[in-house]
Amino acid sequence: MITCLGDMFFPEVGVAMVTLLRRLGVTVEFPPGQTCCGMPLFNSGYHHDAALVAKRTIGLFAGAEHIVVPSGSCAWMVKTEYAGLLKDDPALKAAAESMAKRTYELSQFLVGVLGVTSVESSFRGKVAYHDSCHLLRGLGESRAPRTLLRSVKGCELVELPGSDECCGFGGSFSVRLPEVSSAVLDKKIANAEGTGADCLVACDAGCLMQMGGGLTRRGSRVRALHLAQVLAPETGA
Amino acid sequence: MTTRAEFLGSIRQEMAKTRGLFDASPVPRSADARQAEEVVRRQMLERWPQALERFREEYEGVAGVFHRVSSIGEVPGVIRRIAHERRAKNVLSWHPGALGLDLRESLGCEGLAVSVAPDGHPDAAARATHRDVAARAEIGVTGVDWALAETGTLVLVSGTGRPRSTSLLPATHVAVFGRDSLVESLEQTGVMLEALHVDPARSMSGAVINFITGPSRTADIELTLTRGVHGPKEVHAIFVESR
Amino acid sequence: MSDASLRTPFPQRAHAALEDAHLQEALGIATTKFIGLRRESFAGFPEGEALRDRARAIKEGTLLQLDRHLERLADNIERLGGHVHWAATGEEARDIVLRLCRDKGVRMAVKSKSMATEEIELNEALEAAGVKPVETDLGEYIIQLAHEKPSHIIAPAIHKTKGQVADLFSKELGGRFEADPEVLTAVARKELRQKFLEADMGITGANFAVAETGTIVLVTNEGNGRMVTSLPRIHVAVMGMEKVIPTMTDLMVFLAILARSATGQKLSSYTTLVRGPRQPGETEGPEELHLILMDNGRTRQIAGTLREALYCLRCGACLNVCPVYRQIGGHAYGYTYPGPIGILLTAMLKGAASVKDLAHASSLCGACKDVCPVRIDIPRMLVDLRAELQRKGIASWPERVIFRFARRIMTSPGLFRLGARLGRVAQRPFVRSGRLSGLPLFLGQWTRTRDLPPIASRTFSERWPGLRQTKDLDRP
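Residue numbers (my numbering), protein chains in the order written: chain A, 1 to 237; chain B, 1 to 243; chain C, 1 to 476.
Isolated chain A (complex conformation) (with noise of 0.2 Å):
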């Protein structure tokens, strides 16, 4: 699953997972027409419409035996709130909970489902780590992604003061109180730039749109990157 934001703005971490994946021995599929797991509509009470794109997105991936999701939001979308949305309907909620069960953020499959602890990559660079609010409270996932970014021998892994802290983004909290969402993400930047990193990663687009916006209004020498872009940088990220 590639995600409405993954699709439309970081086409290059899509990229960047595929070319791992193949790597590690995965045949991938992309399912075509993919939208967006409808998130956006979820959180601000659109329920009946969030429900008609669950129905939707599950279709989509009726067939598939992992889906594999570059951001935890989506991933989290997909496995805590699809079956409640569709409660209504047997057949749909038992096809939900389907896709909740094979559903995986990209982190938690590599470690999880591969079994893989170590990656070759040939990234260089000290990275600090952001824990994203829904992998981390919502799947419960903090290990996995640091695992793999120490296993990385040229990558350098700092810790990120307040690293679950959030960074501001909250989906339309971002444009519905801009200058809360401004104020919180300052302090996370300047956490970020505190730890002296070059990179600043983490597992959800919309952590990194808000972060590698503020990043670079700043002109800041910290970069943005996705986890799969520092395990797969050689798909010019």
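What the hints contain is simulated information worked out from the structure, not anything from laboratory work.
In this text the structure is predicted, and so the values were computed from the model without any measurement.
Treat the hints with caution; some may be incorrect.
[Stated by the list, open to error] Straight-line distance between alpha carbons at most 25 Å, and here's what the computed SDA-like set of lysine to any residue pairs gives:
id: 1; chain 1: B; residue 1: K89; chain 2: C; residue 2: A186
id: 2; chain 1: C; residue 1: K149; chain 2: C; residue 2: F10
id: 3; chain 1: B; residue 1: K17; chain 2: C; residue 2: A57
id: 4; chain 1: A; residue 1: K153; chain 2: A; residue 2: R22
id: 5; chain 1: C; residue 1: K162; chain 2: C; residue 2: K350
id: 6; chain 1: A; residue 1: K126; chain 2: A; residue 2: R176
id: 7; chain 1: B; residue 1: K233; chain 2: B; residue 2: D123
id: 8; chain 1: A; residue 1: K187; chain 2: A; residue 2: V175
id: 9; chain 1: C; residue 1: K171; chain 2: C; residue 2: A186
id: 10; chain 1: A; residue 1: K87; chain 2: C; residue 2: L441
id: 11; chain 1: C; residue 1: K149; chain 2: C; residue 2: K104
id: 12; chain 1: A; residue 1: K187; chain 2: C; residue 2: Q12
id: 13; chain 1: C; residue 1: K369; chain 2: A; residue 2: S172
id: 14; chain 1: A; residue 1: K55; chain 2: C; residue 2: V183
id: 15; chain 1: C; residue 1: K33; chain 2: B; residue 2: E57
id: 16; chain 1: C; residue 1: K350; chain 2: A; residue 2: R176
id: 17; chain 1: C; residue 1: K149; chain 2: C; residue 2: H22
id: 18; chain 1: C; residue 1: K356; chain 2: C; residue 2: R400
id: 19; chain 1: A; residue 1: K93; chain 2: C; residue 2: G28
id: 20; chain 1: C; residue 1: K149; chain 2: C; residue 2: D103
id: 21; chain 1: B; residue 1: K17; chain 2: C; residue 2: A303
id: 22; chain 1: A; residue 1: K187; chain 2: C; residue 2: R448
id: 23; chain 1: A; residue 1: K93; chain 2: C; residue 2: T305
id: 24; chain 1: C; residue 1: K162; chain 2: C; residue 2: E182
id: 25; chain 1: B; residue 1: K17; chain 2: C; residue 2: A125
id: 26; chain 1: C; residue 1: K171; chain 2: B; residue 2: L225
id: 27; chain 1: A; residue 1: K126; chain 2: A; residue 2: K87
id: 28; chain 1: C; residue 1: K149; chain 2: C; residue 2: L98
id: 29; chain 1: C; residue 1: K33; chain 2: A; residue 2: T195
id: 30; chain 1: A; residue 1: K87; chain 2: B; residue 2: A113
id: 31; chain 1: A; residue 1: K187; chain 2: C; residue 2: G28
id: 32; chain 1: A; residue 1: K187; chain 2: C; residue 2: T32
id: 33; chain 1: C; residue 1: K392; chain 2: C; residue 2: I402
id: 34; chain 1: C; residue 1: K356; chain 2: A; residue 2: E179
[To be verified] Footprint (simulated), chain C over chain A, 3 or more residues, beta carbon under 8 Å:
id: 35; segment: 167-177
id: 36; segment: 199-212
Where a beta carbon is used, it is the ideal one built from N, C-alpha and C, also for glycine.
Put chains B and C on the given structure of chain A with help from the hints.
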């Protein structure tokens, strides 16, 4: 004015809508409170030394001052020293019947003014007098019902001869306790409290139980910790070894 | 909260808070400290997680038999010589207090900190009736002198620097006081000691009430809770009815985690268990004890979407970790209860429409749920509130248009692809050095402070056909 029946009626109406929506399992609790208390007492007969060690650690951790004496006869000496250090003159204590010690005899001739709480059923005049005494007291001396090791807490039950303010109004509170009052955990304290409330023979003569963990404190200004806001600024616990 | 501040729209209140340098500094220091204290406390407390589960289970179980527990509580209090009053609304609760003051000739009442009394705006009513209420909790005393409302559930004056407090005391009490917390605390101690001794009535809230024994429980640090319940001749406790718990054993579970969650202490300095008025053998204590059980919108949630919010222990932990609260503080929320739980409690007390802006004052990060001692799923209920607001048609029409449009795009791959192509064209004037800035309309809210990546010249879907052919992994 809403009546009890109306108030509860609207609650019952809402509760009826929740049938089957939620499970709930009650918290496990000993069926016989007195038996559970007995178990704790027996445990503490053996474990009191460890509990005392832990109590001391926690008590000092909340800025309490810990003293240890071999017999109750040494307690007045400790209090005299504290009074001297604080330049305090007015000492108020629980009634000797409640404290197990009459400080008027042992401290009275040291230039200290020692008062004790009234016994029996004090009338309005006696209560008013006591209030003035308590307001002027600089050191308050009490016993202890339970010393809770896990948190360094002293649990005091109010009642005849053991007024609430003795451990509250004076700037220094001194509490005297022995091994029989030691308990290790909040859970055990719960057991003791359950037993206290079910046993008619031990019905409390007072309406308040206070858990006291260190001196009075606040951090309301810039989260800076200060002590002695409305209650005591300093607390002392004197452990008496002999029974 | 005063109507005046509510007339300013929430985004403006938030803006004012962000511009207030003193507030920003105070908030940063306080919330960071609270977070550290709580974290340290639970780190050394492995039993904590199981106790949180137990605490939640007790709250759930209690609600299933709420009527029984309340009856038991009332019977016990009355048996001990106390009085129980039943207030369906906040107004009724206020009236009961005022009536007691009238009947008993109360001229001055000392108060221990109580959010329930803030909720019903009791102080204003007392003053209007000629009764002087004196707040005795240091933080509440400070904001009472300043004519402000509390900005945090457990540390009401946390938005004030010590310099501001010194100035306030100097102005209101006469004298010149150093900006030193020790000095200022001593001033408050002296001022309030006399009030405790002279007051006719003591008013408190209640952290818990134990049904089985008829005990009202107060968790405090300063000692004012003990003064207020022992020295004046009448004690009145105002309590939300959801605070009742079944037994003493249950109480210990909550005591084990409440102070840790709030301030990182194992226990607060004082936990006071009050069981009825003064007993015959006692030297001190009130002649009369009155417990006012208050509904004020709570009952409606027993079977409602905000049911879990009834478990709240008012510890304030969720405020300290909330990225929004940490930036704007409590006053900007505009209601008695701020922070994540505050949004839910406000909806409970005043209806969903009252939080049409506040329900969106959250990035749904989930930090609140993480630290809640009774594991209240605040983010879920915020989303439910948003759904309720949406169903009621409370959102602005531009928003509804945008989201309808979004759903169209999300359910039509053709529209999605078209959208990408049109977007690529439309964005051209705004692209500078490979980034988007200065976008119009609501997107301008983003680009004022952040760049946006442009829509890629080839989306992933457009690159896929090429990728599908590529088996050779060394070429991009």
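Okay, the hints, checked on the actual structure:
no. : hint              : result
1   : B:K89 <-> C:A186  : 21 Å, holds
2   : C:K149 <-> C:F10  : 17 Å, holds
3   : B:K17 <-> C:A57   : 19 Å, holds
4   : A:K153 <-> A:R22  : 20 Å, holds
5   : C:K162 <-> C:K350 : 34 Å, violated
6   : A:K126 <-> A:R176 : 34 Å, violated
7   : B:K233 <-> B:D123 : 31 Å, violated
8   : A:K187 <-> A:V175 : 18 Å, holds
9   : C:K171 <-> C:A186 : 17 Å, holds
10  : A:K87 <-> C:L441  : 37 Å, violated
11  : C:K149 <-> C:K104 : 28 Å, violated
12  : A:K187 <-> C:Q12  : 21 Å, holds
13  : C:K369 <-> A:S172 : 21 Å, holds
14  : A:K55 <-> C:V183  : 65 Å, violated
15  : C:K33 <-> B:E57   : 24 Å, holds
16  : C:K350 <-> A:R176 : 23 Å, holds
17  : C:K149 <-> C:H22  : 17 Å, holds
18  : C:K356 <-> C:R400 : 14 Å, holds
19  : A:K93 <-> C:G28   : 44 Å, violated
20  : C:K149 <-> C:D103 : 29 Å, violated
21  : B:K17 <-> C:A303  : 6 Å, holds
22  : A:K187 <-> C:R448 : 17 Å, holds
23  : A:K93 <-> C:T305  : 21 Å, holds
24  : C:K162 <-> C:E182 : 10 Å, holds
25  : B:K17 <-> C:A125  : 36 Å, violated
26  : C:K171 <-> B:L225 : 24 Å, holds
27  : A:K126 <-> A:K87  : 46 Å, violated
28  : C:K149 <-> C:L98  : 21 Å, holds
29  : C:K33 <-> A:T195  : 21 Å, holds
30  : A:K87 <-> B:A113  : 76 Å, violated
31  : A:K187 <-> C:G28  : 11 Å, holds
32  : A:K187 <-> C:T32  : 13 Å, holds
33  : C:K392 <-> C:I402 : 17 Å, holds
34  : C:K356 <-> A:E179 : 18 Å, holds
35  : 167-177           : holds (count 10)
36  : 199-212           : holds (count 3)
Of the numbered hints stated above, those contradicted by the structure are hints 5, 6, 7, 10, 11, 14, 19, 20, 25, 27, 30, listed in ascending order.
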